[in-house]
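**Student:** Here the sequence shown is numbered in our numbering, starting from 1 and rising by one per residue.
Think of the hints as simulated: they come from the structure by calculation, not from any bench. Some clues are possibly wrong.
Claimed, not checked - Keeping only pairs whose Cα atoms sit at most 25 Å apart, straight-line, the calculated SDA-like set for lysine to any residue is:
(1) Lys111 - Glu98
(2) Lys194 - Phe184
(3) Lys118 - Gln202
(4) Lys194 - Pro28
(5) Lys111 - Arg61
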Amino acid sequence: MDEITSVCNRTGADILVLTEADKRIDLPYRSRVESAQLPTPFYGETERRVIVFSNYPVVERFSTYDDQTSVCVELETENGDIIVYGTIIGVFGNRNAEFRTGLIKQTEDFKLFNGMGKTFCVTGDFNVSFSDNWYFTHDGRKKLLDTFYNNKLSLVTKHLSNCIYHVAVSADFIENATVLTEEFNCDRRLSDHKGTVVTIEQDRKSAFRKD
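Given only the sequences and the hints, what does the whole structure look like? Please build it.
**Tutor:** Structure representation (structure tokens):
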């Protein structure tokens, strides 16, 4: 737990999204929003599927199709408010009915929150890789790509290999920005997945990151 906390702190992220998390993780952020408690005894009392940490104040929290699996919050930033949707698509992988149902319901959420007229970002464990054949389903990949295209969201992590943790953000927000990506935990020692960091540098050198 201490080592995971240290790694998260070293990213220096303004917005940090953890999936398959534990509420005992204590990070020095201004805001913290967790998904709903999971049923015990199958899950531990402190387990949470998603936790969103932010250096920005929370304007509003929105209900999602499944509050145990997704967190949606509006944050007040120096570049305007941004709605962040942190999630896991398919908590048991991508080859079962739960993934297909969750994918449909979540893409409906994406359309709803993206239509609020604010910068929108969806991020988390998509259980789909986009640049290779590492882990994906054809239907799942097509559904997500079509949804991002139709909602004018840019999948800025699309090029990363062996990666199912992604960031999609409003295309107009990054139109004149420099977007940088990096990864950590590449040896998967602390987790069975790599961490993903996205830095968006706009004219005023502000940054938006996800882990």
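**Student:** Hint numbers the structure violates, sorted upward?
**Tutor:** Checked against the structure, no hint fails, so every one of them is satisfied.
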